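Each chain sits in its own coordinate frame; assemble them with the hints.
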Amino acid sequence: MNRVVPFRIDSTWFALPALDVEQILEFRDWVAIPGARAELPGVIPWKGEAIAVLDLAPLHPTLSRLIQHERPRALVARAGHHAIAIPAHAIREVREVPEGSHSTEPSLPPHVQRQLSLGGDQVALLDLPALLRRLEAP
Amino acid sequence: VTTAHFLVIRGGRADYAIASEQVREILSPAGWKGPPPVDLGAVLGADFAKPRAAAKLLWIRTAEDGDLALQVSSEIAFCQLAPAEVRPLPDLVLRGLSRPLVRGIVFPQGERPLLVLDPAALHNRPDQR
Numbered sequence: 027m028n029r030v031v032p033f034r035i036d037s038t039w040f041a042l043p044a045l046d047v048e049q050i051l052e053f054r055d056w057v058a059i060p061g062a063r064a065e066l067p068g069v070i071p072w073k074g075e076a077i078a079v080l081d082l083a084p085l086h087p088t089l090s091r092l093i094q095h096e097r098p099r100a101l102v103a104r105a106g107h108h109a110i111a112i113p114a115h116a117i118r119e120v121r122e123v124p125e126g127s128h129s130t131e132p133s134l135p136p137h138v139q140r141q142l143s144l145g146g147d148q149v150a151l152l153d154l155p156a157l158l159r160r161l162e163a164p
Numbered sequence: 489v490t491t492a493h494f495l496v497i498r499g500g501r502a503d504y505a506i507a508s509e510q511v512r513e514i515l516s517p518a519g520w521k522g523p524p525p526v527d528l529g530a531v532l533g534a535d536f537a538k539p540r541a542a543a544k545l546l547w548i549r550t551a552e553d554g555d556l557a558l559q560v561s562s563e564i565a566f567c568q569l570a571p572a573e574v575r576p577l578p579d580l581v582l583r584g585l586s587r588p589l590v591r592g593i594v595f596p597q598g599e600r601p602l603l604v605l606d607p608a609a610l611h612n613r614p615d616q617r
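In the order they appear, the protein sequences are chains U and A.
According to the numbering used here, the residues represented by the first sequence are 27 to 164, in order.
According to the numbering used here, the residues represented by the second sequence are 489 to 617, in order.
Looking at chain A on its own, in the form it has when it is part of the complex (with noise of 0.2 Å):
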């Protein structure tokens, strides 16, 4: 495999990404019918200060834990990535984080960097017990 496919969702100061392969649909939230969804710009905190888009879901599919919809109220885009431009986060940042909702970053040269999500780290969130 020479690239992956991703799903962009635009933040303030960087953008967040998460793998095509990983969302089912984008749908309207009034067509969802699961569990409540996760609202990402709450996760992700002050970088979704204020919505930029009409609210829509991402339903995710995650092998361990079953689907879940995340709610992002940004603009969306596609993007391919090499798998060699996502560099891992140093070890200091990762200690402590029982479960890391991102899985890499890029750098890309002129443009805002880009966080690679792990969504199935949202099952496990402590406000979601």
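Chain U with its partners taken away, still in its complex shape (with noise of 0.2 Å):
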């Protein structure tokens, strides 16, 4: 069995593997830094360093972008020497999912590894490491 991490925006689940999450954080004020992309728009402070936002909506276009107060908890998620802040709307608690492999349907983005049904809900979990390589592109 895996462990995943449920989390929601706006009306849509995602969930994360239970081993990148580091924390789940109260998530207030996060800093605008200009000229940012949409979907690494700010900063906030986390263990004496200011790790970046990520905000989903741009690679997800159904989703409402982040503004400032809207979204109340952020998980902080690590892969290799990145961290990073996921405001969400709601995180629910640790659930364990059977294994499975990264998904070959092509309708899938690439930073998803499967579509997940947990308690009824469609829940897309991400592929970090994935989800990362494609910010860190240029």
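Treat the hints with caution; some may be incorrect.
According to the in silico footprint, chain A covers these stretches of chain U (three or more CB under 8 Å from chain A) [stated by the list, open to error]: (1) 55 to 63; (2) 72 to 83; (3) 152 to 162.
Don't read these hints as lab results, they were simulated from the structure.
Bear in mind the structure is a predicted one, so any value in this text is a computation, not a measurement.
Using N, Cα and C, we set each Cβ at its ideal position, and we do this for glycine too.
Laid out in structure tokens, this is it:
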């Protein structure tokens, strides 16, 4: 079994492998960085450093863009040497899901491992390293 | 060097700092005879939605590109910072920025964040070409 952390943005559910999640925070202000791209619009302080805030909306156009004070919590996730904060409207407790391989379904974006069904909700399990590779591309 | 001096421009959710050594003079717009000033509020966007003080110009000296005038309509203050207080921006955020306007960020305890600017980046903005 794999352990995942489900989280919701608007009415869309995502999940991250629990091993990728370092912390769940109350999410208040974030600092917008002038000229930053839409997926990484700003930073927050975390453990004495500035870490990037990830907005999934530009990658999933049905989501509304991140604005201040609108998502009360955030997951801090890490892959390699990158730590990022993903603000969410809701975050659920860790769930166990059957192990599975990366989906080859063409309709899924490359940073989504596979679609899960959790408690009646369809949940997109994110592939954090793939997502960060996409964000690292110029 | 244990501390550096900065000029601080008050914003909305954050404040903005420029190294004092880069600021040649603070003057009124009427006193400026050089090229058209860059409106810092327009560059920084929503955080300067409305003017907070009479407009003034910061005459900026940049090593590579010569002089530049920045128009600001906010309160100006001064502060000292130790270099270690200025945290770098994450690599992920810096990617895709040809010349970042923000050199680093300070998160003062109980106060608004302070973004340290590199005014030389304003010389090569697309809207200045």
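How the hints compare with the structure:
1. Interface restraint, the region 55 to 63 of chain U with chain A: holds (8 residues with C-beta to C-beta distance below 8 Å; minimum three).
2. Three residues within the 8 Å Cβ limit are the bar, and the region 72 to 83 of chain U against chain A gives 5, so the coverage statement holds.
3. Remark: the region 152 to 162 of chain U is confirmed as covered by chain A, as 3 of its residues place a Cβ nearer than 8 Å to a Cβ of that chain, reaching the required three.
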